[in-house]
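Colleague: Chain residues, written in single-letter form:
Protein chains: 2
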Amino acid sequence: MMDEVLKQITPTEAETREMKEVCQALIGLVGSEMSRLGFDVQVAVYGSVSRDTWLTHEKDIDLFVKFPAKYSKKELEDAVTLVGEKILTGLEKRFAEHPYVRGIFSGHPVEIVPCYRVEDAKDRISAVDRTPFHDRFVRDNLGGRHGDVRLLKQFLRGIGCYGAEARVEGFSGYLSELLVIRYGSFEAVLKAASEWKRPASIDLLGDGDGARFPGDPLIVIDPTDPQRNVASALSLQNFSLFTFAAKQFLKSPKESFFFPKKRVHSKDVLAGLLRRRGTEIIQVSFQTPSVIDDILYSQLKKAVKLFEQMLVKSGFTILNSGSSAGENTVLAFELEHRVLPNARLHFGPHVNSKNELDFVEKHRESKKALGRPFIRGERWAVFVKRETPDAADFFKQFISSKKLKKKGVPSYIAASIEAGFEIAIGESVFENNREFYTQFLDPKFPWENSDV
Amino acid sequence: MMDEVLKQITPTEAETREMKEVCQALIGLVGSEMSRLGFDVQVAVYGSVSRDTWLTHEKDIDLFVKFPAKYSKKELEDAVTLVGEKILTGLEKRFAEHPYVRGIFSGHPVEIVPCYRVEDAKDRISAVDRTPFHDRFVRDNLGGRHGDVRLLKQFLRGIGCYGAEARVEGFSGYLSELLVIRYGSFEAVLKAASEWKRPASIDLLGDGDGARFPGDPLIVIDPTDPQRNVASALSLQNFSLFTFAAKQFLKSPKESFFFPKKRVHSKDVLAGLLRRRGTEIIQVSFQTPSVIDDILYSQLKKAVKLFEQMLVKSGFTILNSGSSAGENTVLAFELEHRVLPNARLHFGPHVNSKNELDFVEKHRESKKALGRPFIRGERWAVFVKRETPDAADFFKQFISSKKLKKKGVPSYIAASIEAGFEIAIGESVFENNREFYTQFLDPKFPWENSDV
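Chains as they are written, first to last, in the numbering used here: chain U, 3 to 454; chain R, 3 to 454.
In isolation and in its complexed conformation, chain U is listed as follows (with noise of 0.2 angstroms):
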């Protein structure tokens, strides 16, 4: 069954002279391209193309420019963007921690990528400078365990971990190849994955701290960059959810893991099982933001959890929270109930404390009470009108009140939803999203899909 999958992923020899050919001619084009311009610079593919772990449906090609230290991140933007406009078609400039540009050539996505040439990684002066010691430690160290990596990735992304971007905060390529060349073999990677507790420690050179990175699950200490933990975006509940696939996968191996089915639940069954739990559903969508999906992403988290805390904090009981960004975004919440009743509890100070007289004379003028302040053991107390006890209202009335950056919305998220949203509740949510929706009520394990 591995080789039906391998077969499936590994480039044909046809797809690997294409690839070389068109990276190449890149090199070829850039480099000209950058002395025309005066830069004295070397130009190289790295990643999966050059350390041959691509996948037959990743076309991508990192190609980096490096520069001599002397040149300005403002030059090498420039540099990168010119030459980009000249040799790539849908040019995009995206910013990370460091420009680059995006574009395609010869049907491939490109991303043109500037960085300085250093010595050690150690002396990076960006992120992105490590790159070419990755490819070198890679190369170095991989010793023809090719087939394994790519059914790592293939694994990863089957089970929805292939990553490590703020969508997926899952395992990114390096890492995967790292953890080959560490266990040996794929199925030596799952084997000890299925064993990890955390937090799991990899220290393949045995010069790292992984006690520098309190919280991470997973501490694969950077063979390039002991400072570095190249899991640090691995979630939780991705580790979570890697080590019992790995399980799984070892008990009962099936294609499903590395090819698994779509899910999408029509309208009707969406709503039959929202009725049979019996519980609530709000959303609010808006226009999503045109900003890089990291930054998209890792705002959507903040968010949803910022309105989960201020529900929770108003009484609501929630069960469930996530969003989906598409055309439009959505963050969804499933509470308990929609409406709470008007009496609220509200406590106040310690009777016999110096502010008592002022919490009794106001609520007892005060027409939001229903009845009077009493004592509850040591504290005042006193049931309180709630002003909005439906949480439809209350979440619209919140998100309406303009000032959501002051409050702790993401930037991004606060401006597109000032600029107008939609709340929906109930079985009306279902018209759109119906994929996100589908796992929301009825999660299942993407390696599960092709059961009935």
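Hint data in this document are derived by calculation from the structure and do not stem from the laboratory. The beta-carbon is built from N, C-alpha and C at its ideal position, and this holds for glycine as well. Warning: the hint list may mix true and false statements.
As the list claims (entries may be wrong) - Ranges of calculated distance between the beta carbons of each label pair, as one might list FRET restraints: (1) R:F261 with U:A371: 21 to 29 angstroms; (2) U:D5 with R:F349: 39 to 47 angstroms; (3) U:V293 with R:P216: 54 to 62 angstroms; (4) U:K124 with R:A371: 35 to 43 angstroms; (5) U:G379 with R:R278: 47 to 55 angstroms; (6) U:P255 with R:A371: 20 to 28 angstroms; (7) R:Q229 with U:R214: 54 to 62 angstroms; (8) U:G379 with R:K256: 22 to 30 angstroms; (9) U:E310 with R:Q229: 20 to 28 angstroms.
What the hints assert, rightly or not - Here chain R is said to cover these stretches of chain U; the calculated rule only asks that three of the stretch's residues, wherever they fall, bring their Cβ under 8 angstroms from a Cβ of chain R: (10) 65–79; (11) 336–344.
To be verified - Each computed DSS-like pair below joins lysine-lysine, with the alpha-carbon atoms no more than 25 angstroms apart: (12) U:K446 with R:K370; (13) R:K253 with U:K364; (14) U:K446 with U:K193.
Once you have looked at the hints, place chain R on chain U.
Modeller: Structure of chain R alone, referenced to chain U:
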């Protein structure tokens, strides 16, 4: 105003004379009956009557029969029972730490309490052996401030804090006397109390150790026995209430502190209050167990707490709870919602723990699961179907299941419920116990009851 109050609560000369005559007659009769039975005893009246701190409507007489230590408890009990049967009408036998008898003599409720004659309160065999020493201490130290004691007692009665019994959890008569002795007058007691910080500690002879009574809000070392806190029965709630009432009285003294009005809303008013709150009331009622009040009320408090914990553990949110014992006993709980959703979030073991597969397999097969087990962070979780989402059904099922005592329900309550109970919800609970529900839904301090 205080003179007016004092006039209403101080026994008239005629009343005092009558009381003395009754006491003397009683002492004579009991003494000669004891002699006739061959017992070598002393007979005396102690308590507020002997100390001249009784209130005009308190006609109770506490008659003590002091036996030498050579007699067994059984002999004491038999002796006072025989004598009680001869002298009192409507005899009841009561059992506290110590048996005693209760009946009527010449229109006065009388308790005949057997105790041991000891040289020092510290040598007591039974708790009641202390009483003669209390009497002597108060007589020796009160110095004519009987009116102050009477005012304090009536004040405590008015605000609902008079009595050390489990029903009240307040201040005993002896404690009131000690407070007047310590501070000098009724108003000085209130002044001191309005400044008390928990724990407030009073040690008249300076021979006690307040640290022996952790958690007690008020510590008053018994001058006849430094091992004992005279205020040990006082609840935190009543400690707090008294300090606040004291402060309010000093600010604006009113007769309503001493003589509060009863307050009972009509069924319609109560129903209106409940609707306005938007909450749910659930009530269980059963026949009041025939057991002395101290045991009844302490068991009621425990039962309410236990049922409340059980409801909370099952996902219900409790805003208020209480109990009332008359002909029937009711336990009442005010909930945010009566019905929870079908779906209940159930957390399981950690991912990659030994028993994770048991959990996953169990819930995959289970008909109770609403969807598959999933991973949340590093824990397994699954939504399961709630068997009884309605609090009324849930509660009914719990208390129908018998074995209540095994589940922690105090013995007399458990037995009474098992003999038959009723669950009521919503406005129907206002058919009875309207005074209780008036305070439950619309709390006011007793001294405010004359306000509109």
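Colleague: Take the hints in turn and mark each one as holding or not.
Modeller: These are the hints, each one checked on the structure:
1. Taking 21 to 29 angstroms as the suggested C-beta distance range, the pair F261 of chain R and A371 of chain U conforms, at roughly 27 angstroms.
2. Between D5 of chain U and F349 of chain R the beta carbons are some 41 angstroms apart, a value that agrees with the proposed interval 39 to 47 angstroms.
3. At about 58 angstroms, the CB distance of V293 of chain U to P216 of chain R agrees with the hint of 54 to 62 angstroms.
4. The supplied range of 35 to 43 angstroms is broken by K124 of chain U and A371 of chain R, whose beta-carbon atoms lie about 52 angstroms from each other.
5. Distance hint check: the CB atoms of G379 of chain U and R278 of chain R are about 25 angstroms apart, inconsistent with the given range 47 to 55 angstroms.
6. Hint check: P255 of chain U to A371 of chain R, Cβ distance near 26 angstroms, so the stated range 20 to 28 angstroms holds.
7. Under the hint 54 to 62 angstroms, the C-beta atoms of Q229 of chain R and R214 of chain U, about 58 angstroms apart, fit the expected range.
8. Range check, G379 of chain U to K256 of chain R: about 26 angstroms between beta-carbon atoms, so the 22 to 30 angstroms window is met.
9. Distance hint check: the CB atoms of E310 of chain U and Q229 of chain R are about 54 angstroms apart, inconsistent with the given range 20 to 28 angstroms.
10. With 0 residues having a beta carbon nearer than 8 angstroms to a beta carbon of chain R, the stretch 65–79 of chain U misses the requirement of three or more and the stated coverage is violated.
11. Beta-carbon proximity to chain R at under 8 angstroms applies to 5 residues in the stretch 336–344 of chain U; the threshold of 3 is reached and the given coverage holds.
12. Proposed proximity of K446 of chain U and K370 of chain R is supported: the alpha carbons are some 17 angstroms apart, at most 25 angstroms.
13. Straight-line distance between C-alpha atoms of K253 of chain R and K364 of chain U comes to about 18 angstroms, which keeps the hinted pair within the 25 angstroms bound.
14. Straight-line distance between C-alpha atoms of K446 of chain U and K193 of chain U comes to about 23 angstroms, which keeps the hinted pair within the 25 angstroms bound.
Checked against the numbered hints above, the structure violates hints 4, 5, 9, 10; every other hint is satisfied.
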